[in-house]
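Chains as they are written, first to last, in the numbering used here: chain A, 360 to 790; chain B, 360 to 790.
It is worth saying that the hints were derived from the structure and are not from the lab.
Bear in mind that the values here come from a model prediction, so they are computed numbers and not experimental data.
C-beta: ideal position from N, C-alpha, C; glycine also.
Treat the hints with care, as some may be off.
With a straight-line cut-off of 20 Å between C-alpha atoms, the simulated PhoX-like cross-links for lysine-lysine are [said to hold, decoys possible]:
hint, chain 1, residue 1, chain 2, residue 2
1, B, 779, B, 474
2, B, 779, A, 596
3, A, 656, A, 672
4, A, 779, B, 596
5, A, 542, A, 385
6, A, 420, A, 534
Some chain A residues near chain B, calculated using beta-carbon distances under 8 Å [stated by the list, open to error]:
hint, residue
7, 433
8, 486
9, 547
10, 548
11, 583
12, 593
13, 597
14, 598
15, 612
16, 614
17, 624
18, 627
19, 734
20, 744
21, 751
22, 788
What follows is each chain in one-letter form.
Number of protein chains: 2
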Amino acid sequence: MNSQTITKSDQKISDIDSYMSSVGAKARRAAREISAASTETKNRALIVIAESLLETEDFLKSENAKDIAQGRKNGLSQALLDRLELTSERISGMAEGLRQIAALADPVGEITDLKYQPSGIQVGQMRVAFGVIGIIYESRPNVTADAAGLCLKSGNACILRGGSEALLSNLAIAKCVHHGLIKAGLSPDVVQVLETTDRNAVGRLITMPEYVDIIVPRGGKGLIERVSNEATVPVIKHLDGICHVYIDRFADKEKAVNIAFNSKTQRYGTCNTMETLLVHQQVAALILPVLGDLFKKEGVELRGCARSCEILKAISPAQDEDWEIEYLAPILSIRVVESFEQAIDHIEAHGSHHTDTIVTENITRARDFIRQVDSSSVMVNASTRFADGFEYGLGAEIGISTDKLHVRGPVGLEGLTTKKYVVFGDGHIRT
Amino acid sequence: MNSQTITKSDQKISDIDSYMSSVGAKARRAAREISAASTETKNRALIVIAESLLETEDFLKSENAKDIAQGRKNGLSQALLDRLELTSERISGMAEGLRQIAALADPVGEITDLKYQPSGIQVGQMRVAFGVIGIIYESRPNVTADAAGLCLKSGNACILRGGSEALLSNLAIAKCVHHGLIKAGLSPDVVQVLETTDRNAVGRLITMPEYVDIIVPRGGKGLIERVSNEATVPVIKHLDGICHVYIDRFADKEKAVNIAFNSKTQRYGTCNTMETLLVHQQVAALILPVLGDLFKKEGVELRGCARSCEILKAISPAQDEDWEIEYLAPILSIRVVESFEQAIDHIEAHGSHHTDTIVTENITRARDFIRQVDSSSVMVNASTRFADGFEYGLGAEIGISTDKLHVRGPVGLEGLTTKKYVVFGDGHIRT
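The following block holds chain A by itself, in its conformation from the complex (with noise of 0.2 Å):
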């Protein structure tokens, strides 16, 4: 088995073209299944997959211990095998997770705003799902547990392709989820993983709007660029967050501190991770010190403007590109600016749109930072950190879109569905 050209049931997919079409088609017509299933139905399904997957729970570890043996072989690093590797323990956590998405409210079939309008009519929006959703990610082999559960809980059909190093272990998750589906009556072809790693069939997959309806990929930026130049099928992307911590002249030094702190140092590799710290002139002398020395105990290298390297030793100079860099790592860029308006202006300029938040302790600034910051979340007095479906109460996310069409923010069962208007009438014509 070589990377480029996995074996379907040991027989090589020659042709990806058509074997795209076969699974393109089939998502179609198990789309219109899964869209009017029952909410019991649904939830069967979940839970039987849970169940199976901590049933099989040696057979998923084989498989993956598979994977792992040939990610070795091909000098994957320490940390993606790491993060490739199915434990006893993430195996529990999948199961719980799509036990959780069992227990959250069906989105599909609500019907919100039912008015009656001047011509006698009754007009209304129901929440449906999409169709076929195609989904595109890398390496951890539980992102196959996490999204078909919230595809299928939207009533939508999807077509998965994982990252090729994990391809056995999510072969071998499949196997389950087809197995909770068939025991609550339903098509397999509601999930399907795709059996092949060649690239080609991700070139197929965003270029069948025939088939597919939205693709959302998830992984490094490379990736995400790729799929966006690439697809002819509406895109929900997740980039990357440059996000923002904004001291106001107005903060309260300790929530200062520890919002900052927070929001970088509580995990490094997060989208929401604190980038640039921005410190109004005025309590810079009063805050940075006690924040130098925090960031210093805990191994963040600090690279600051020419006014914070005066206020800290610690520190070393910023340049122009550290202001637009996803460092996902003990780094952080430091700036003090001199208004409110600059700290905007900087954010607006240099941040990408993700996750922004002000410590102040005035409700003008509050309001003001609120409504003119364009991001996908804008906080006052708490850490970036909470950018988060789970956070934001939404039960469980698929990825935090920085799209602003559709959904924007954390992407939870409501962002994978859309809106129909619902019109009553009693045989009312136009006049």
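Based on these hints, arrange chain B on the given structure of chain A.
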């Protein structure tokens, strides 16, 4: 002045790329201003624009007369010349439309679903403008005022590109718009009408995501397909309407006849006009003859399946392609179906997912139809002609979206906005 390179202030726009970049950069700057403008400022601008249109009626008409003279020289059809004409009535209509937009509630800044989460943070969503909207439309100059008004009220800057045959009329309307913006203390760059009819300007407009956030094409299928294929900016599409009326076995005869007749004949050229009538076999012999007579009197040409041809006399056999044509004319295709399921299968296979209605007194059929038909508007016992922003209570519309992503069906002020998450804490950090 020729139709390829219209002059800007009598100077040739020789470099379209740099002209478009300059327009884009101005729009981007203006977008920040208009997104933060108060409701009162925006309403004031709308009212002054309306007044200005009425006051400059003579100028509008004289500029319009030049477009019409040029159009006649270029051999435009009488129908196109009619659409192009700015009469006193149409000018009053534009002014009245702007006053109606001023009277609508401001969608920008509305915060919904603000809820405390277990961590103690308060999370909600704020409705915000997109930024810059590009609108590409054909012939009718009154779209210039409508589109400007909708974008202005929804807090967006816009770049308008009307039909080349209406350039002088559109620029004259733009003068009134700029007058109103300036009077209200806003930048005239909030609404820019392109001063060139060079086709390359459209090519550039739809491929500059750095300046333009979404594109709304309004026009024929050719325009919309070109824009969809070439755009690198998200597009809110308005495709064709192959709308169905399905007369169920449990239909009330009188309602069925009224709805089918109204859906076809109230206006022929609109996208929500019925193009195919489906009739359940058990009521076909009862209802079709009545409808056949009515349509005959109205001069509607009928094309039917074999069974309709047995029941009706003044009908010709339908070809396969008849089920997928948007006639936009007094032509109707008719099919007798064996069952409710076959009706839905027909709509899903041949329709354009625009607007479809069932006529039935049976609540189970009504619920199933509403749930199963995947169209932007799904109706029970109402004419398809109701699919319209005004009839739905949106107050105004920029078009009817046949996209699933973001906005589906009539697009009003809300469809021209998006949402961001807002989070309020009191020093909250994540643990």
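Results for each hint:
The hinted pair formed by residue 779 of chain B and residue 474 of chain B meets the criterion: a straight-line CA distance of about 15 Å does not exceed 20 Å. Simply put, residue 779 of chain B and residue 596 of chain A have alpha-carbon atoms about 15 Å apart, close enough for the 20 Å limit, and the pair holds. Our distance criterion of 20 Å between C-alpha atoms is met by residue 656 of chain A and residue 672 of chain A, whose separation comes to about 14 Å. For a cut-off of 20 Å, the pair hint linking residue 779 of chain A to residue 596 of chain B stands: about 15 Å separates their Cα positions.
Under the criterion of a C-alpha separation no larger than 20 Å, the hint pairing residue 542 of chain A with residue 385 of chain A is consistent with the structure, at around 19 Å. Proposed proximity of residue 420 of chain A and residue 534 of chain A is supported: the alpha carbons are some 13 Å apart, at most 20 Å. This hint is violated: residue 433 of chain A has a C-beta 35 Å from the nearest C-beta of chain B, more than the 8 Å allowed. Interface restraint check: residue 486 of chain A against chain B, minimum CB-CB distance 11 Å, threshold 8 Å, status violated.
Checking residue 547 of chain A against chain B by beta carbon gives a least distance of about 22 Å; that is not within 8 Å, so the hint is violated. A cut of 8 Å between beta carbons decides the hint on residue 548 of chain A: the least distance to chain B is about 17 Å, and the hint is violated. The criterion of a C-beta within 8 Å of any C-beta in chain B is not met by residue 583 of chain A, whose closest approach is roughly 14 Å, and the hint is violated. A cut of 8 Å between beta carbons decides the hint on residue 593 of chain A: the least distance to chain B is about 5 Å, and the hint holds.
Hint status for residue 597 of chain A: violated, given a least beta-carbon distance of 15 Å to chain B, over 8 Å. At its closest, the beta carbon of residue 598 of chain A sits 12 Å from a beta carbon of chain B; the interface hint therefore is violated under the 8 Å criterion. Against a cut-off of 8 Å between C-beta atoms, the interface hint on residue 612 of chain A is violated, since the closest Cβ of chain B lies about 11 Å away. Against a cut-off of 8 Å between C-beta atoms, the interface hint on residue 614 of chain A holds, since the closest Cβ of chain B lies about 3 Å away.
A distance limit of 8 Å between C-beta atoms decides the matter here; for residue 624 of chain A the minimum to chain B is near 10 Å, and the interface restraint is violated. Of the supplied interface hints, the one on residue 627 of chain A is violated, with its beta-carbon coming no nearer than about 14 Å to a beta-carbon of chain B, more than 8 Å. A least Cβ separation of about 7 Å between residue 734 of chain A and chain B falls short of the 8 Å threshold, and the interface hint therefore holds. The interface hint given for residue 744 of chain A is met, as the beta carbon of that residue sits about 4 Å from the closest beta carbon of chain B, less than 8 Å.
A least Cβ separation of about 5 Å between residue 751 of chain A and chain B falls short of the 8 Å threshold, and the interface hint therefore holds. The interface hint given for residue 788 of chain A holds, since its Cβ lies 4 Å from the closest Cβ of chain B, which is under the 8 Å cut-off.
When each numbered hint is compared with the structure, violations occur for hints 7, 8, 9, 10, 11, 13, 14, 15, 17, 18.
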